[in-house]
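**Student:** Mapped onto the numbering used here, the consecutive letters of the sequence shown carry residue numbers 63 to 242.
FYI, nobody ran anything at the bench for these hints, they're computed from the structure. None of these values were measured; they are calculated from a predicted model. For every residue, glycine included, the Cβ atom is placed at its ideal position computed from N, Cα and C. Each hint should be verified, as a subset may be incorrect.
[Unchecked claim] No farther apart than 25 Å at their CA atoms in a straight line, the calculated lysine to any residue pairs in the SDA-like style are these:
(1) Lys-172 <-> Gly-234
(2) Lys-154 <-> Glu-169
(3) Lys-86 <-> Val-212
(4) Lys-154 <-> Lys-86
(5) Lys-232 <-> Gly-105
(6) Lys-232 <-> Thr-166
(7) Lys-171 <-> Glu-161
(8) Lys-171 <-> Ser-219
(9) Lys-171 <-> Glu-236
(10) Lys-172 <-> Asn-101
(11) Lys-232 <-> Glu-161
(12) Lys-232 <-> Pro-176
(13) Lys-86 <-> Ile-108
(14) Lys-232 <-> Asn-101
(15) Lys-171 <-> Val-235
(16) Lys-232 <-> Ser-164
(17) Lys-86 <-> Ile-191
(18) Lys-232 <-> Ser-147
(19) Lys-154 <-> Gly-69
(20) Lys-172 <-> Asn-158
(21) Lys-172 <-> Gly-203
(22) Lys-232 <-> Asn-208
(23) Lys-154 <-> Gly-203
(24) Lys-86 <-> Ser-164
(25) Lys-172 <-> Glu-237
(26) Lys-232 <-> Arg-197
(27) Lys-86 <-> Ser-190
(28) Lys-172 <-> Glu-162
(29) Lys-232 <-> Leu-170
(30) Lys-154 <-> Ser-164
(31) Lys-232 <-> Arg-213
(32) Lys-86 <-> Ser-76
(33) Lys-232 <-> Glu-155
(34) Lys-86 <-> His-115
(35) Lys-154 <-> Gly-234
[To be verified] The calculated label-pair distances, taken between Cβ atoms and stated as ranges, are:
(36) Thr-109 <-> Asn-239: 26 to 34 Å
(37) Thr-68 <-> Glu-157: 35 to 43 Å
(38) Arg-193 <-> Asp-114: 23 to 31 Å
(39) Glu-99 <-> Gly-177: 16 to 24 Å
(40) Asp-149 <-> Ser-87: 26 to 34 Å
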Amino acid sequence: MPRFYTGSGDSGHSGLIGGSRAPKSDTIFEAIGDVDELNSAIGVAITNSTDDHLADMLQNVQNKLFTVGAELASAAHGTAKPAKSVDAESVKELENGIEELSSTLPELKKFVLPGGSAGGAYLHLARSICRRAERSVIRAGDKAVNPEAVRYLNRLSSFLFVAALYINRKEGVEEQNPTY
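Taking the hints into account, I'd like the entire structure generated from these sequences.
**Tutor:** Pasting the structure below:
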């Protein structure tokens, strides 16, 4: 049976790709943690999805986010870069997904309250986590973060918003608008 703990982080420091160590309070760990939380939230959205095509799109996003996490863990303190990275093509995939899903939606004329179906609500939650992850990655930018990762997260929040609207419409759940 493998061990799922090492105890090496008990002193408040943790390891990064390439073997360097940094305090767990370092902005890079905040960014890595927020991207990991985002990936988990998308996993919850997938398990509540009633659309196989959307679930496949989201699983592709999860794989890209794993790559973003690896990039962050290797960007810190000058360690080696991972073999894969998010790039302009990754951003374009999200833009294509936004176009595909939004083509099925009516024109949005008002703000919408996060919610709707279970899948829609989880996608809205993932969207708000994505915004936080983007801010964390920007704060960690002094660690030589891949600028395409920031672009990817920015576009991903838009994709998740459209995906929430899409799944709510597909499930026949009407969007609720805020009352001011």
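**Student:** Now tell me, hint by hint, if it's right for this structure.
**Tutor:** Results for each hint:
1. Proximity of Lys-172 to Gly-234 is assessed by CA-CA distance (about 18 Å); at most 25 Å being required, the pair is judged to hold.
2. Restraint check: the Cα-Cα separation between Lys-154 and Glu-169 comes to about 22 Å, which is no more than 25 Å; the hinted pair holds.
3. A distance of roughly 22 Å separates the Cα atoms of Lys-86 and Val-212; the hinted pair therefore holds under the 25 Å criterion.
4. Annotation: proposed proximity of Lys-154 to Lys-86 is violated, straight-line Cα distance about 33 Å (limit 25 Å).
5. Of the pairs offered as hints, the one joining Lys-232 and Gly-105 holds, with about 20 Å between alpha carbons and a cut-off of 25 Å not exceeded.
6. Of the pairs offered as hints, the one joining Lys-232 and Thr-166 holds, with about 9 Å between alpha carbons and a cut-off of 25 Å not exceeded.
7. Note on Lys-171 and Glu-161: the hinted pairing holds, with a Cα-Cα distance of about 17 Å set against a maximum of 25 Å.
8. A threshold of 25 Å between alpha carbons decides the hint, and for Lys-171 with Ser-219 the separation of about 19 Å falls inside it, so the pair holds.
9. A threshold of 25 Å between alpha carbons decides the hint, and for Lys-171 with Glu-236 the separation of about 14 Å falls inside it, so the pair holds.
10. Our distance criterion of 25 Å between C-alpha atoms is broken by Lys-172 and Asn-101, whose separation comes to about 29 Å.
11. The hinted pair formed by Lys-232 and Glu-161 meets the criterion: a straight-line CA distance of about 16 Å does not exceed 25 Å.
12. A hinted pair counts as satisfied when its Cα atoms are at most 25 Å apart, and Lys-232 with Pro-176 qualifies at roughly 16 Å.
13. For the proposed pair Lys-86 and Ile-108, the alpha carbon gap of about 30 Å is over 25 Å, so the pair is violated.
14. Note on Lys-232 and Asn-101: the hinted pairing holds, with a Cα-Cα distance of about 23 Å set against a maximum of 25 Å.
15. Proximity of Lys-171 to Val-235 is assessed by CA-CA distance (about 17 Å); at most 25 Å being required, the pair is judged to hold.
16. With a C-alpha separation of about 12 Å, the suggested pair Lys-232 and Ser-164 falls inside the 25 Å cut-off, and the hint holds.
17. Between Lys-86 and Ile-191 the CA atoms are separated by roughly 20 Å; this keeps the pair inside 25 Å, and the hint holds.
18. As the CA atoms of Lys-232 and Ser-147 are separated by approximately 33 Å, the hinted pair breaks the 25 Å bound.
19. Straight-line distance between C-alpha atoms of Lys-154 and Gly-69 comes to about 41 Å, which puts the hinted pair past the 25 Å bound.
20. Straight-line distance between C-alpha atoms of Lys-172 and Asn-158 comes to about 23 Å, which keeps the hinted pair within the 25 Å bound.
21. Only pairs whose Cα atoms come within 25 Å are accepted, and Lys-172 paired with Gly-203 is rejected, the gap being roughly 34 Å.
22. Taking the CA atoms of Lys-232 and Asn-208, the gap is about 36 Å. The hint is violated against a cut of 25 Å.
23. Distance restraint check for Lys-154 and Gly-203: the Cα-Cα separation of roughly 22 Å lies within the 25 Å cut-off, and the hinted pair is therefore satisfied.
24. For the hint linking Lys-86 to Ser-164, the alpha-carbon distance of about 40 Å lies beyond 25 Å, and the restraint is violated.
25. At most 25 Å may separate the alpha-carbon atoms for a hinted pair to count; Lys-172 and Glu-237 meet this at roughly 10 Å.
26. Distance check on the hinted pair: Lys-232 and Arg-197 sit about 31 Å apart at the alpha-carbon level, beyond 25 Å; violated.
27. As the CA atoms of Lys-86 and Ser-190 are separated by approximately 23 Å, the hinted pair is consistent with the 25 Å bound.
28. In summary, the hint linking Lys-172 to Glu-162 is supported, as the alpha carbons are separated by about 21 Å, within the 25 Å threshold.
29. As the CA atoms of Lys-232 and Leu-170 are separated by approximately 16 Å, the hinted pair is consistent with the 25 Å bound.
30. Simply put, Lys-154 and Ser-164 have alpha-carbon atoms about 15 Å apart, close enough for the 25 Å limit, and the pair holds.
31. Of the supplied pair hints, the one linking Lys-232 and Arg-213 is violated, its CA atoms being roughly 28 Å apart against a limit of 25 Å.
32. With a C-alpha separation of about 6 Å, the suggested pairing of Lys-86 with Ser-76 holds against the 25 Å cut-off.
33. Among the hinted pairs, Lys-232 with Glu-155 is consistent with the structure: their alpha-carbon atoms are about 22 Å apart, no more than 25 Å.
34. For the suggested pair Lys-86 and His-115, the alpha carbons sit about 38 Å apart, so the restraint of at most 25 Å is broken.
35. Taken as a hint, the Lys-154 and Gly-234 pair is broken in the structure, with Cα atoms around 29 Å apart against an allowance of 25 Å.
36. As the Cβ distance of Thr-109 to Asn-239 is approximately 28 Å, the hint placing it in 26 to 34 Å holds.
37. Thr-68 and Glu-157 have their C-beta atoms about 40 Å apart, which keeps the hinted 35 to 43 Å range intact.
38. Remark: the range hint 23 to 31 Å for Arg-193 to Asp-114 is upheld by a beta-carbon distance near 27 Å.
39. For Glu-99 and Gly-177, the Cβ-Cβ distance of about 20 Å falls inside the hinted range of 16 to 24 Å, so the restraint holds.
40. Evaluation of the 26 to 34 Å hint for Asp-149 and Ser-87 yields a pass: the beta carbon distance comes to about 30 Å.
Hint compliance for this structure: hints 4, 10, 13, 18, 19, 21, 22, 24, 26, 31, 34, 35 are not met, and every other hint is.
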